[in-house]
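Chain order of the listed sequences is S and U. At the far end of the first sequence sits residue 525, using my numbering, and the numbering has no gaps. At the far end of the second sequence sits residue 525, using my numbering, and the numbering has no gaps.
It cannot be assumed that every hint is accurate.
Chain copies aren't distinguished; within one or between two, either way the pair holds.
[Stated by the list, open to error] Mimicking SDA-like on lysine to any residue, the simulated pairs with C-alpha atoms at most 20 angstroms apart in a straight line are:
1. Lys278 to Ile29
2. Lys16 to Pro42
3. Lys278 to Asp353
4. Lys16 to Arg506
5. Lys16 to Pro275
6. Lys278 to Val233
7. Lys16 to Ala63
8. Lys16 to Thr141
9. Lys278 to His304
10. Lys16 to Ser374
11. Lys278 to Gly145
12. Lys278 to Gly302
13. Lys278 to Ser54
14. Lys278 to Asp111
15. Lys16 to Val233
16. Lys16 to Val110
Calculated from the structure, these hints are not laboratory results. Computed from a predicted structure; not experimentally measured.
Number of protein chains: 2
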Amino acid sequence: MAGAHSPERSWWGWGKTGEVLSDADCVAIGALLPGLPSAPLPVPQLEDLVLPPSRITPPNALAHRFSVALPDRAGHTYGKAYRDVVRALRGDLAPAPDLVAFPRSEDEIVDILDWAGEHRVAVVPYGGGSSVVGGVECRSTDHRGAVSLDLTAMHRVLEVDSVSRAARIQAGAFGPVIENQLRPYGFTLRHFPQSFEFSTLGGWLATRAGGHYATLLTHIDDLVESMRVVTPVGISESWRVPSSGAGPSPDRLFLGSEGALGVITEAWLRLQDRPVYKASASVSFATMENAVEAVRAVAQSGLHPANCRLLDPGEAALSGAGRHGEAVLVLGAESAHHPVEARLAELVTLAHDHGGAARPRGERGDSAVESWRSAFLRMPYMRDGLARMSAIVETFETACTWDRAFEVYATVRAEVGAAVEEITGARGAVNCRFTHVYPDGPAPYFTVVAAGRRGNELAMWDDIKSAAMACLTRLRATVTHHHAVGRDHRPGYDRQRPEPFAAALRAAKTALDPHDVLNPGVLID
Amino acid sequence: MAGAHSPERSWWGWGKTGEVLSDADCVAIGALLPGLPSAPLPVPQLEDLVLPPSRITPPNALAHRFSVALPDRAGHTYGKAYRDVVRALRGDLAPAPDLVAFPRSEDEIVDILDWAGEHRVAVVPYGGGSSVVGGVECRSTDHRGAVSLDLTAMHRVLEVDSVSRAARIQAGAFGPVIENQLRPYGFTLRHFPQSFEFSTLGGWLATRAGGHYATLLTHIDDLVESMRVVTPVGISESWRVPSSGAGPSPDRLFLGSEGALGVITEAWLRLQDRPVYKASASVSFATMENAVEAVRAVAQSGLHPANCRLLDPGEAALSGAGRHGEAVLVLGAESAHHPVEARLAELVTLAHDHGGAARPRGERGDSAVESWRSAFLRMPYMRDGLARMSAIVETFETACTWDRAFEVYATVRAEVGAAVEEITGARGAVNCRFTHVYPDGPAPYFTVVAAGRRGNELAMWDDIKSAAMACLTRLRATVTHHHAVGRDHRPGYDRQRPEPFAAALRAAKTALDPHDVLNPGVLID
């Protein structure tokens with residue numbers, strides 16, 4: 001039987017075991033938040049875990065591609081949401097998959113889906129497992145068992161078309177593997193979500209992931225030239241074309257389908273020349289109102305900055321990018337072909353014209369950018385450390401039009417802040433950054449940090465999250481800009497999704513997955 | 001009963017009756033093509049037309065919104081494809097709708113769909129009627145009758161959000177009406193398809209129309225913030241958000257649905273500040289190979305020209321933009337905020353670096369641009385004049401990746417040229433321009449001009465078109481980049497569309513249109 005859990009990868013939390021905070025660091029970071037216990041929750045040892053017994057046996061012909069090993073099952077039980085980490089820390093692995101499969105070809109996936117359909121087994125496609133919305137956790141009680149379908153054995157760049165600047169890449173490839181394989185050609189996919197190291201192409205496609213760019217090519221969607229998807233009724237392959245007006249886009253049905261309509265196995269992705277010219281700067285604002293106006297001017301200027309992140313005062317302070325209660329706007333321009341200083345200067349001027357201030361020496365340009373970037377990559381590890389101290393630490397994100405941007409920012413902060421206080425009995429932090437900006441609106445990204453009560457953290461967070469979702473729904477701001485829906489966002493998604501579209505999607509699901517094996521509970525019931 | 005046929009609009013051909021070529025002009029233009037008859041086909045008078053009797057009567061409560069008047073039925077029988085014009089000129093109006101409806105509200109559309117479902121009447125949504133792919137022609141024999149649902153009574157800009165730069169616009173608004181209503185706000189939708197004057201927002205959305213921009217915002221799809229669609233099972237309304245990762249995009253299902261899934265009634269569209277800075281230039285190339293390489297460099301440069309049209313030698317000669325058998329590249333840059341001369345200079349330099357030549361005095365810059373632009377807008381009238389002389393004149397368009405761009409160009413010209421010669425017995429012209437370019441490939445647009453045999457033109461064209469579609473299919477170039485599928489592209493579309501996606505789309509259709517009343521035969525059987 002196959003088995004693939006790497007001891008370098010944390011089975012219960014974010015990223016690599018070597019990067020995980022020590023107990024002492026957990027205590028130190030926990031001391032910043034009044035009211036937390038004095039010691040971190042211990043990390044359960046794999047050998048101490050008790051998993052429900054596996055209810056199914058794999059098909060004989062493919063048994064060598066399946067694993068029932070405890071590390072594999074434990075590591076594939078959850079994604080990496082706060083609520084996943086807390087449950088794992090408690091040793092609660094009730095939704096563990098009965099089996100983990102590691103197929104090496106489309107043919108094997110076809111066989112697994114056929115077998116699952118015949119035996120009423122749920123199949124949950126799994127890439128890097130970095131979902132923060134319950135996207136890879138099987139909660140079905142209608143199936144005889146569940147298989148986590150780990151695609152990471154299919155991880156190669158299969159073909160590079162240097163003329164059209166595109167590559168055929170397998171779904172199980174992690175971000176760094178893709179970039180390493182493209183580098184010799186001088187190309188980059190230039191899609192850098194926060195999870196870059198620990199997420200795969202297939203996951204990005206299935207969840208409409210958001211990447212590095214703050215403008216223009218924000219989502220993986222726009223990088224897709226064509227896709228191959230194994231559905232239970234056959235393989236869907238769209239043609240490689242730069243654009244098409246031939247009916248509704250097939251790719252756009254599978255983008256964001258979160259494993260509910262098929263298993264994405266490979267795609268042709270648009271590449272870019274590696275950027276040579278880069279420049280960045282930061283601008284500070286005394287008030288968030290001014291900052292929002294400045295960012296709107298930048299977003300509507302047609303200057304298309306590669307980076308345009310607005311950190312509100314709380315976020316700026318937390319990441320070390322800002323001081324004195326100011327909001328900080330980090331701007332970046334880049335190009336493979338042309339110097340970008342002039343464009344950056346135009347962007348900075350625009351920000352200054354809207355009330356931005358040049359930052360004091362030592363806080364300008366790359367230093368703020370760098371301090372923010374390293375905080376950004378460390379954040380999930382800090383989150384796990386705080387979770388072990390029974391803090392509540394989680395993020396949620398949205399997008400709205402500019403006419404309501406400040407209202408959404410202020411209302412969410414006020415209402416979620418009030419919910420935190422009511423639910424935890426103490427004030428917490430609700431910080432915000434704008435991760436992506438569009439001519440018609442920003443994508444605000446909120447971080448909640450509060451002291452939880454040990455043993456009660458999950459219920460507390462679920463209540464806070466419900467309040468956040470209700471607030472976003474009332475404001476008609478999307479339930480997710482790039483984290484996807486999964487199981488955790490279903491209530492908000494169901495309210496947002498137009499009912500006729502829901503009917504169409506249900507019908508499409510029934511047509512493609514007649515035995516209802518694919519990721520049950522995601523998007524469609 | 002309502003009636004809306006304007007005597008200013010040609011019922012049989014393109015555009016305005018006042019712009020139609022005189023008989024003498026038809027003869028003059030026909031003289032350019034050897035082997036045509038010496039006199040044009042007469043244009044049938046409306047009073048001489050014989051239409052099949054109307055088989056159905058409208059619902060009583062809405063009778064005042066329906067017309068059985070001959071000019072309305074005749075004017076709504078076809079779109080404006082070459083094959084439509086030829087049939088209209090012959091007085092062949094066999095597929096005339098039984099009734100034409102002119103609803104003024106969504107409620108009326110709901111009532112009409114309910115009535116149609118109950119009585120098994122086909123409903124064909126109709127905007128400007130400029131389809132060149134048989135998109136508005138009802139060929140069903142399974143229905144008790146057909147209604148052309150003319151949406152042009154719903155033609156207002158309902159709301160403008162100046163902060164987010166977006167407007168809520170009714171589907172029946174024609175291009176100029178939209179621009180006129182946005183002008184006082186300083187905004188433009190900046191979507192200028194060739195049919196701009198004679199097509200509507202709803203038509204653009206339903207067909208994924210291609211507009212003015214050669215790069216970035218090429219299709220109307222990317223301008224859509226949200227949509228309202230009346231389906232037989234309810235109204236679908238997506239939220240106004242700049243971007244969302246919440247499941248597959250609802251809007252992307254209805255974009256390109258060509259009236260088969262619902263009736264688009266209004267949408268929030270992203271606007272832009274009106275451009276102030278504009279600059280254009282043209283560059284010539286001795287060979288098309290060189291020109292294609294230069295255009296690829298431009299498309300992959302990240303400079304995003306607003307205009308980037310490559311005219312092959314035949315196209316350049318025909319439109320008066322080029323001479324001496326050279327290919328001509330027309331480049332344009334524009335901005336509402338920043339001078340664009342420097343960017344244009346970079347674009348021109350790039351073209352020169354790839355073998356382009358500065359054009360002689362008097363053929364540079366705006367003169368070539370202007371001569372091409374006016375030819376572009378006159379083209380459909382010329383087409384109709386030539387059609388009256390029994391010439392075969394039609395266009396088709398596609399998109400492919402750069403690695404195959406020159407091959408597609410050369411192969412299509414060779415094979416369609418050979419088909420023309422074999423079918424008509426004489427050589428014709430197969431010219432090409434690239435209308436839009438992407439980092440991974442161009443959208444080539446072909447024009448066929450050949451001498452037909454009077455009475456046989458249609459069969460000849462259908463054979464040529466079949467050869468073209470077979471060629472594109474073999475080369476895996478899309479059956480349409482922005483003309484849509486309609487009924488004419490169904491064979492090519494059915495070969496291109498992945499079968500699982502077809503199954504999903506059929507299921508979605510059944511869910512949304514359970515009585516199969518909406519535009520039968522389009523996209524789905």
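Against the structure, the hints come out as follows:
1. Lys278 to Ile29: Neither, since 34 angstroms and 55 angstroms both go past 20 angstroms.
2. Lys16 to Pro42: So Lys16 and Pro42 pass the 20 angstroms test inside one copy only (17 angstroms; across, 79 angstroms).
3. Lys278 to Asp353: Intra 23 angstroms, inter 24 angstroms, cutoff 20 angstroms: neither.
4. Lys16 to Arg506: Neither, since 38 angstroms and 45 angstroms both go past 20 angstroms.
5. Lys16 to Pro275: Result: close neither inside a copy nor across copies, 29 angstroms intra and 50 angstroms inter.
6. Lys278 to Val233: neither (47 angstroms within a copy, 52 angstroms between copies)
7. Lys16 to Ala63: Neither. Shortest intra-copy (29 angstroms) and inter-copy (71 angstroms) distances fail the 20 angstroms Cα cut-off.
8. Lys16 to Thr141: neither (32 angstroms within a copy, 64 angstroms between copies)
9. Lys278 to His304: Classified as both: same-chain Cα gap 14 angstroms, cross-chain 18 angstroms, threshold 20 angstroms.
10. Lys16 to Ser374: Within. Shortest intra-copy distance 16 angstroms satisfies the 20 angstroms Cα cut-off; inter-copy 63 angstroms does not.
11. Lys278 to Gly145: neither (51 angstroms within a copy, 63 angstroms between copies)
12. Lys278 to Gly302: Classified as both; 18 angstroms inside a copy, 14 angstroms across copies.
13. Lys278 to Ser54: Neither, since 52 angstroms and 67 angstroms both go past 20 angstroms.
14. Lys278 to Asp111: Classified as neither: same-chain Cα gap 48 angstroms, cross-chain 58 angstroms, threshold 20 angstroms.
15. Lys16 to Val233: Cα proximity of Lys16 and Val233: none, with 38 angstroms in one copy and 50 angstroms across.
16. Lys16 to Val110: neither (32 angstroms within a copy, 57 angstroms between copies)
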